[in-house]
Amino acid sequence: MFSRGCLRQASRVSTRPFPIRQTIRRTATDASKAAPESQAGLTAAAYVATAVAVASSGWYFYQYGPTVHAVTPAEHGLHPTKYPWVHQGFLSTFDAQALRRGFQVYREVCASCHSLSRVAWRTLVGVSHTVDEVKAIAEEYEYDDEPNDQGDIEKRAGKLSDYIPSPYANDEAARAANQGALPPDLSLIVKARHGGCDYIFNLLTGYPDEPPAGVTVQSGLNFNPYFPGTGIAMARVLYDGLVEYEDGTPATTSQMAKDVVEFLNWAAEPEMDVRKKMGMKVLAVTTVMLALSIWVKKYKWASLKTRKIVYNPPKDLLK
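Per the numbering used here, the very first residue in the sequence shown carries number 1; after that it's consecutive.
Incorrect hints may have been included.
[Said to hold, decoys possible] Straight-line C-alpha distance at most 25 angstroms; calculated DMTMM-like pairs for lysine to aspartate or glutamate:
| hint | residue 1 | residue 2 |
| --- | --- | --- |
| 1 | Lys-135 | Asp-185 |
| 2 | Lys-191 | Asp-162 |
| 3 | Lys-155 | Asp-171 |
| 4 | Lys-82 | Asp-198 |
| 5 | Lys-135 | Asp-162 |
| 6 | Lys-159 | Glu-269 |
| 7 | Lys-135 | Glu-146 |
| 8 | Lys-159 | Glu-108 |
| 9 | Lys-159 | Asp-132 |
| 10 | Lys-159 | Asp-149 |
| 11 | Lys-305 | Asp-316 |
| 12 | Lys-82 | Asp-240 |
| 13 | Lys-277 | Asp-95 |
| 14 | Lys-191 | Asp-273 |
| 15 | Lys-281 | Glu-146 |
These are computed hints drawn from the structure, not numbers from a lab.
Just need the whole structure built from these sequences, with the hints factored in.
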């Protein structure tokens with residue numbers, strides 16, 4: 001009797017719907033209905049955030065952005081003509097004779113206004129001059145010595161460890177001597193100007209005898225179409241026969257400009273020749289290592305790449 005009563009009670013319980021299961025079913029139905037609504041809300045919020053970001057960027061550019069105006073070729077400066085510089089080749093090096101002539105042009109023409117403060121006398125040894133020649137040139141300049149026992153600073157002759165001195169004591173003195181214009185340091189001028197050697201060569205040789213018709217040059221400036229704005233404080237400095245080369249090379253304007261540009265390029269990159277030699281060594285070593293690694297890869301993976309899997313059924317199944 002007891003067992004029959006338990007079975008009846010169990011059958012009644014099993015026929016009743018579970019409220020938990022219904023609740024879960026209703027919850028899933030509500031979530032499925034609310035999913036499109038939440039997705040639409042997120043999409044609308046993304047659109048609003050994008051519109052706010054674009055509007056904020058436009059307002060900021062309108063308030064603080066630069067004024068847009070047309071730039072003529074004269075205001076921007078002519079693009080320099082490109083020349084096939086020999087020392088810029090992949091396997092080429094600096095011409096020692098050209099560097100020697102370029103240093104002579106810098107010393108006799110450019111050094112009166114421009115400094116070369118990042119170049120030491122010792123770097124010229126073995127490149128364009130001998131040790132004795134560089135020592136003799138350095139001794140022509142005076143440098144501040146260490147303070148003596150009384151605290152006074154005396155002068156001494158230059159040494160190989162000294163750097164090429166500046167023609168002015170400070171920037172204020174340089175501006176006062178050049179009508180307010182500050183002559184730039186030429187140590188890194190080739191790397192600091194867009195166009196590099198081409199720009200400097202065209203700038204030095206691009207001074208016309210007279211400005212073009214309709215062009216007004218401000219007082220104290222000189223017209224040069226390759227300089228941005230076409231008005232440059234530096235006047236033309238290179239003329240035919242201005243210097244007398246030791247090797248007898250004709251000192252034309254273009255020759256002097258070429259030599260001094262190569263020298264300034266060396267001053268900006270004195271390690272160029274060493275870097276190219278090191279690059280060739282690295283390429284040779286990496287080529288050998290690449291070939292060796294390909295061979296090792298093929299040797300190690302040959303057994304796996306050429307392996308074949310064949311199914312051999314048991315002999316009992318063939319009977």
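Hint by hint, here is what the structure shows:
{"no.": "1", "hint": "Lys-135 <-> Asp-185", "result": "holds, 23 angstroms"}
{"no.": "2", "hint": "Lys-191 <-> Asp-162", "result": "holds, 23 angstroms"}
{"no.": "3", "hint": "Lys-155 <-> Asp-171", "result": "holds, 22 angstroms"}
{"no.": "4", "hint": "Lys-82 <-> Asp-198", "result": "holds, 6 angstroms"}
{"no.": "5", "hint": "Lys-135 <-> Asp-162", "result": "holds, 11 angstroms"}
{"no.": "6", "hint": "Lys-159 <-> Glu-269", "result": "holds, 22 angstroms"}
{"no.": "7", "hint": "Lys-135 <-> Glu-146", "result": "holds, 20 angstroms"}
{"no.": "8", "hint": "Lys-159 <-> Glu-108", "result": "holds, 20 angstroms"}
{"no.": "9", "hint": "Lys-159 <-> Asp-132", "result": "holds, 11 angstroms"}
{"no.": "10", "hint": "Lys-159 <-> Asp-149", "result": "holds, 22 angstroms"}
{"no.": "11", "hint": "Lys-305 <-> Asp-316", "result": "violated, 32 angstroms"}
{"no.": "12", "hint": "Lys-82 <-> Asp-240", "result": "holds, 22 angstroms"}
{"no.": "13", "hint": "Lys-277 <-> Asp-95", "result": "holds, 16 angstroms"}
{"no.": "14", "hint": "Lys-191 <-> Asp-273", "result": "holds, 16 angstroms"}
{"no.": "15", "hint": "Lys-281 <-> Glu-146", "result": "violated, 44 angstroms"}
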